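For this one, chain V is given, so just place chains Z, D and W on it according to the hints.
Each chain, letter by letter, is given below.
There are 4 protein chains.
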Amino acid sequence: MSAVSKSRDPDRLVLFTDAVVAIAITLLVLPLVDLVPEVKDHGGDAVSVITKHRQEIFTFLLSFVVIANFWLGHHRIFEHVRVYTAGIMRLNLLWLLTIVVLPFTTEIVGAFDSDRFVAGVYIGTILVLSICQSALALLVHGHKELETPDNPVSRRELTGSLVLTGFTLVAFLLGSLVPGINFYAMLLLLLPTPVMRVWR
Amino acid sequence: MSAVSKSRDPDRLVLFTDAVVAIAITLLVLPLVDLVPEVKDHGGDAVSVITKHRQEIFTFLLSFVVIANFWLGHHRIFEHVRVYTAGIMRLNLLWLLTIVVLPFTTEIVGAFDSDRFVAGVYIGTILVLSICQSALALLVHGHKELETPDNPVSRRELTGSLVLTGFTLVAFLLGSLVPGINFYAMLLLLLPTPVMRVWR
Amino acid sequence: MSAVSKSRDPDRLVLFTDAVVAIAITLLVLPLVDLVPEVKDHGGDAVSVITKHRQEIFTFLLSFVVIANFWLGHHRIFEHVRVYTAGIMRLNLLWLLTIVVLPFTTEIVGAFDSDRFVAGVYIGTILVLSICQSALALLVHGHKELETPDNPVSRRELTGSLVLTGFTLVAFLLGSLVPGINFYAMLLLLLPTPVMRVWR
Amino acid sequence: MSAVSKSRDPDRLVLFTDAVVAIAITLLVLPLVDLVPEVKDHGGDAVSVITKHRQEIFTFLLSFVVIANFWLGHHRIFEHVRVYTAGIMRLNLLWLLTIVVLPFTTEIVGAFDSDRFVAGVYIGTILVLSICQSALALLVHGHKELETPDNPVSRRELTGSLVLTGFTLVAFLLGSLVPGINFYAMLLLLLPTPVMRVWR
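Residue numbers (our numbering), protein chains in the order written: chain V, 1 to 200; chain Z, 1001 to 1200; chain D, 2001 to 2200; chain W, 3001 to 3200.
Only chain V is shown next, with the shape it has when bound in the complex:
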């Protein structure tokens, strides 16, 4: 498919993406806001809003970090993009759908005890996000008509993206299939950075 954009682009896609990410990352706080009147209605005090809802607060923080990191990654890829195709646009919309779904899966993790299903839904969402991001990097990499000439996607960046996707896949399989692991599988997602550092 041919390049769609000549003027004003890829800025418009990038701005739209940033707006959706900004909204999704900010909406994460709404379930915490809703906790307050609920705690009050049940006679709780201000301290118990925090102490009795550590799980919700922790998953809020976790999802904030997840979205922020994928935004940074998206940012790095689009540094290299000069024009974009309908393919990039559709893939980007799938990436955005996953971002929009994250406040929902975050709420599931915050509300229910962690088991394989809950861990699978959450890590699965991150897996889809990571696959989209790697696919975007692959789509741009080595396509001279898409890349900014003086700043192409480096082999290293592409590898980094694929390594992260690989680790997320393993985390997803462990968390959703092996009983008792659940969210501990996400610790695997801390590994790609040191791995890539050794690789150098």
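Hints may contain errors.
Stated by the list, open to error - Estimated spans, in silico, between C-beta atoms of each pair:
| id | chain 1 | residue 1 | chain 2 | residue 2 | range |
| --- | --- | --- | --- | --- | --- |
| 1 | W | Gly3087 | V | Val128 | 29 to 39 Å |
| 2 | D | Leu2173 | Z | Leu1187 | 48 to 58 Å |
| 3 | V | Leu61 | W | Glu3038 | 25 to 35 Å |
| 4 | W | Leu3072 | Z | Arg1090 | 28 to 38 Å |
| 5 | D | Asn2151 | Z | Gly1142 | 20 to 30 Å |
| 6 | W | His3143 | V | Val195 | 28 to 38 Å |
| 7 | V | Thr51 | Z | Pro1179 | 25 to 35 Å |
| 8 | W | Lys3144 | Z | Asp1045 | 57 to 67 Å |
| 9 | V | Asn151 | Z | Pro1179 | 52 to 62 Å |
| 10 | D | Lys2144 | V | Thr159 | 54 to 64 Å |
| 11 | D | Val2047 | V | Val195 | 50 to 60 Å |
What the hints assert, rightly or not - Computed footprint of chain Z on chain D; a stretch qualifies when at least three of its residues, placed anywhere within it, have a C-beta under 8 Å from a C-beta of chain Z:
| id | stretch |
| --- | --- |
| 12 | 2032-2045 |
| 13 | 2069-2076 |
Stated by the list, open to error - Each computed PhoX-like pair below joins lysine-lysine, with the alpha-carbon atoms no more than 20 Å apart:
| id | chain 1 | residue 1 | chain 2 | residue 2 |
| --- | --- | --- | --- | --- |
| 14 | W | Lys3040 | D | Lys2052 |
| 15 | D | Lys2144 | Z | Lys1052 |
| 16 | D | Lys2040 | Z | Lys1040 |
| 17 | Z | Lys1040 | V | Lys52 |
Honestly, the hints are just simulated from the structure, not real lab data.
From a predicted model like this one, the values you see are computed outputs, not experimental measurements.
For every residue, glycine included, the Cβ atom is placed at its ideal position computed from N, Cα and C.
Only chains Z, D and W this time, still in chain V's reference frame:
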């Protein structure tokens, strides 16, 4: 009415439009987020959040695709716009109103059994959106003072927009008037793309 | 106070303003979205979501039109602004505060029977918005260091803004002080446009 | 760490930041919107929405002013930034996290009687925000490769930022440790401006 904008435009209108679309498409997830504490309060588990609310999840996905596609169409039209008139601006605001209403009609579809009324409200919203989009394309097409000189609205794009509006009208009439069809009428909206391909 | 901005401005203020307006205008739909599960929980059907909540739907539409119109007015003023002072920035933030408050006053109008208090709160919010907008126009008008040289604020625009503010003040006084008028006072806001046309 | 961005930056970071701030500042109104049906369900009238919830309305206004002021401060710092490093980016994300958390702490302040815990949580959030802002100013100040050459961070701006952080720290300690002071400690935050004026 004369052209309103000289500087900073049509970028400001486009950015405002993108921001509203980004918010509306992200707000679609809020009713799903609200499902979680509700299911929990009724003693449901994490699996039932998904399995017992397939209708809500499906309409969420449907509306995401609808908004994303209209945004892509809007994007294509405004690729051709150099300056804009008060008429374009007001028409664009009507387009935006319909986008803002979509999370409401989505929620109606997600909550109630589908009948002619529910299908009519939902497909009707899409019809208004589609009429606005066609009117925008018609308003810009062939007006040299509005179009970017090297990139005018093509006859083909205009036809494509009108064909989509025509199919949406038929879908609306079938879904809201003929008993038993309801949302199956929306399958008609899959036709314009192959139709336009044959047309070529 | 001296000019604050040299680079990237007033674009950043304008973009921030547009983002807040876009969010506020889209948030207006949330109370409508929340109606749906409420109606369903009380055994209502899809038709009654619309027929029994005409007041909420009407005030939603009214506030959409109000915000859209003030955004258009703001847009026109900032067409003329080249750099901005701390004064413009603070005044713009007050304008934004009023926009952010509008979903709250809209909800009050939608939920309660109209009386002088409800009309006063709603028209009062619009009055503050209109005063800010006129003050912005006054602040920029005739200040060569702020205006774009080839596109200053015209006398006519300034008069139009002040006339609108005057009519809003009268509407506010009538609606909040004279029993039985309430929201009919807002019909006065339809007058400034024909008045300005005769003026010409 | 080396500079991350060459093209389109720091605009993308700044735009993303503005979007998150715009959303957070607008979301502040949602708890007020939610008050309306609640008051109505309990048989209250429109006047009591305002008169019986002065605390919520006041904290809404307070947080609006707090977010607006930090946005203005952020704005001033980024006037000086030409390119940014991964360090600035991560620090900016921490700043954003604090902004996103503010609607939550605002709701706690609005719902519960003020005591040392509530005051500590709220002023503590502002303290983190202020520390991030000072750290951003420090990071940029005197780094020729980051600053715009004709518009570096002035010594005075840096001092102003540090003085504000200092006063916020004292306010936090007083409000969260000394019984009976609570939110009166925030009056200290009015001092930095006159202090800096004398300093000149």
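Verification of the supplied hints:
no., hint, in the structure
1, W:Gly3087 - V:Val128: 29 to 39 Å, "holds, 30 Å"
2, D:Leu2173 - Z:Leu1187: 48 to 58 Å, "holds, 56 Å"
3, V:Leu61 - W:Glu3038: 25 to 35 Å, "holds, 29 Å"
4, W:Leu3072 - Z:Arg1090: 28 to 38 Å, "holds, 33 Å"
5, D:Asn2151 - Z:Gly1142: 20 to 30 Å, "holds, 28 Å"
6, W:His3143 - V:Val195: 28 to 38 Å, "holds, 31 Å"
7, V:Thr51 - Z:Pro1179: 25 to 35 Å, "violated, 56 Å"
8, W:Lys3144 - Z:Asp1045: 57 to 67 Å, "holds, 59 Å"
9, V:Asn151 - Z:Pro1179: 52 to 62 Å, "holds, 59 Å"
10, D:Lys2144 - V:Thr159: 54 to 64 Å, "holds, 57 Å"
11, D:Val2047 - V:Val195: 50 to 60 Å, "holds, 59 Å"
12, 2032-2045, "holds (count 6)"
13, 2069-2076, "holds (count 4)"
14, W:Lys3040 - D:Lys2052, "holds, 16 Å"
15, D:Lys2144 - Z:Lys1052, "violated, 64 Å"
16, D:Lys2040 - Z:Lys1040, "holds, 19 Å"
17, Z:Lys1040 - V:Lys52, "holds, 16 Å"
In summary, the numbered hints that this structure violates are 7, 15.
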